[in-house]
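Participant: Chains as they are written, first to last, in the working numbering: chain A, 1 to 299; chain B, 1 to 299.
One or more of the hints may lead you astray.
To be verified - Covered stretches of chain A (in silico footprint by chain B; criterion: 3 or more residues with CB under 8 Å from a CB of chain B, positions within the stretch not fixed):
1. 181-192
2. 202-214
3. 218-224
4. 260-268
What the hints assert, rightly or not - Label pairs and their calculated CB-CB ranges:
5. A:S21 to B:E87: 55 to 65 Å
6. B:G266 to A:P200: 31 to 41 Å
7. B:Q70 to A:R5: 51 to 61 Å
8. B:T95 to A:Q160: 48 to 58 Å
Unchecked claim - Negatives, chain A to chain B, calculated, CB over 12 Å:
9. P23
10. E105
11. R128
12. L131
13. Y149
14. D171
15. V282
Note that these hints are calculated values from the structure, not bench results. Note that this is a predicted model, so its numbers are computed, not measured. Backbone N, C-alpha and C fix where the C-beta goes; we use that ideal spot for every residue, glycine too.
Protein chains: 2
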Amino acid sequence: MLPERVRIVEVGPRDGLQNESTPVPTPVKLEFIRALADAGLRHIEATSFVHPKSVPQLADADEVARQLPQSETCTFSALVPNERGIERALAAGITRIAVFTAASETFTQKNIGMTIDESISVFRGVIRRALEGGLTARAYVSTSFVCPYEGPISKEKVRQVADRLLEIGADEIAVSDTIGAAAPTDVVAVVEHLLEKHPPDRIALHFHNTYGTAPANVLAGLQLGISTFDGSAGGLGGCPFAPGASGNVATEDLVYMFDRMGIETGVRLEKVVAAAAIIAAVLKRPLHSAQWRRLQTCG
Amino acid sequence: MLPERVRIVEVGPRDGLQNESTPVPTPVKLEFIRALADAGLRHIEATSFVHPKSVPQLADADEVARQLPQSETCTFSALVPNERGIERALAAGITRIAVFTAASETFTQKNIGMTIDESISVFRGVIRRALEGGLTARAYVSTSFVCPYEGPISKEKVRQVADRLLEIGADEIAVSDTIGAAAPTDVVAVVEHLLEKHPPDRIALHFHNTYGTAPANVLAGLQLGISTFDGSAGGLGGCPFAPGASGNVATEDLVYMFDRMGIETGVRLEKVVAAAAIIAAVLKRPLHSAQWRRLQTCG
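All chains should be built: construct the whole structure from the sequences, respecting the hints.
Facilitator: Written out as structure tokens, the structure is:
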């Protein structure tokens, strides 16, 4: 039995934009975010409170966060890497944070300059502070299937990291195929192992479409009862620290597949494409979704 | 249980090239075909004996067919639309033909100017002549899921057409998502209905990736025990008579997913990409596969 409805977490404004070298002006980001909310997306990762030097594109995080639309139906989250970040998030009025570590020791070291243990110590303090402030937290586990440095990652390692992140107060683990190299068999192995210990509503799946397997991976996730999937409008995104990573799976392509499968999303496909067009106009390049290519080719 | 091995039918030289307006010289086509065979592909649809005016790109069908590599392991097929086509195929020494009709009456009329009934009458004669000459035949059922004119197609209609094509001597039905609009639920409905009457080895799945669902559709097919999938190197292809159709699912993307799932293909991914590069150099445009994009982006 497939889920009757799914929750799409839109990560375009954060994961999508963070690697784009063309600066996107703050008002354009806010226009993008408003358009995404208008498309029916109810969970939007809006920005990141990482150090501006690490991700210059998101150096305007405080400003973006402060100007987010007031919405009773839409949750806006922000990535928070450390104690400094959570203070910025609280000051800006963000209501949900996302922390990020990985299932690969080497990747964690290269991506955030800490061991996995160290990162969890940091996030323990960050999430405690968030919960005290009435915020909620999701946690990314990057390289949950394949690491660009270590190769295949064991399902045991993924679950160990997920266990600890849930213990310290995250309410959702975004199991992430950072370099987009997983196939459905990988998804089944890792997710089934997680489901032995955790209910499906604790697990989100975050796929990149680097090797073209993301849609099949989403189907594998659905078949295991997972109903939260990350997407990025226009297939924006990648990871500068993950060689070969390309865009996130496109939100509009997810919406198409779910719609056609009779799975409710609450999201309007054509409005997601319209939102992506706002960014495409600034980047001056075609985007990577099937919908985008289709509409470009055929008018 | 997923199949342990799959058979990939490479349709790039025919379905891939037929809509390209940039003329590809005959020697380049033959180089492409040789490279595909060298990549380990054992079933290659090499050309089409349609009227040169319908598909100018394949007007050199006789010449291509006559110069195909001599191979004991590789089968080269050609599309044959009518009695004239089968005579040309026999004269050129082709050993396997493909005929094509559709599950949608409107599409069949617009695509080949006949009713489905009329097309099957024609193919009865064509396949009889082929079998008498020691050839074998596959049959495409276009628009097996969604028709650009009629919308969703019923599984009963697909099976009726498939039944008749098998009765007149085709050994394999290529169930085709001509406009690339199907989702896994469509695949399950149509293929399960076919499997009530026919064994899985009579069914091949032919997906286009127009809406980005092809990889998920392949997974759905695998899960039903289907083990023959059509692909086109570089994601070449489309259909001039099907508005909105874009490329076939890319052979190299299929190979990546199958490899990673531990499903044997006998095909070497990097050699498929090298084969596609031969055509990309003539078309002077980027190709549509995830592998192509990945290798372009990251060197």
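Participant: I'd like to know which numbered hints this structure contradicts. Please list them from smallest to largest.
Facilitator: none
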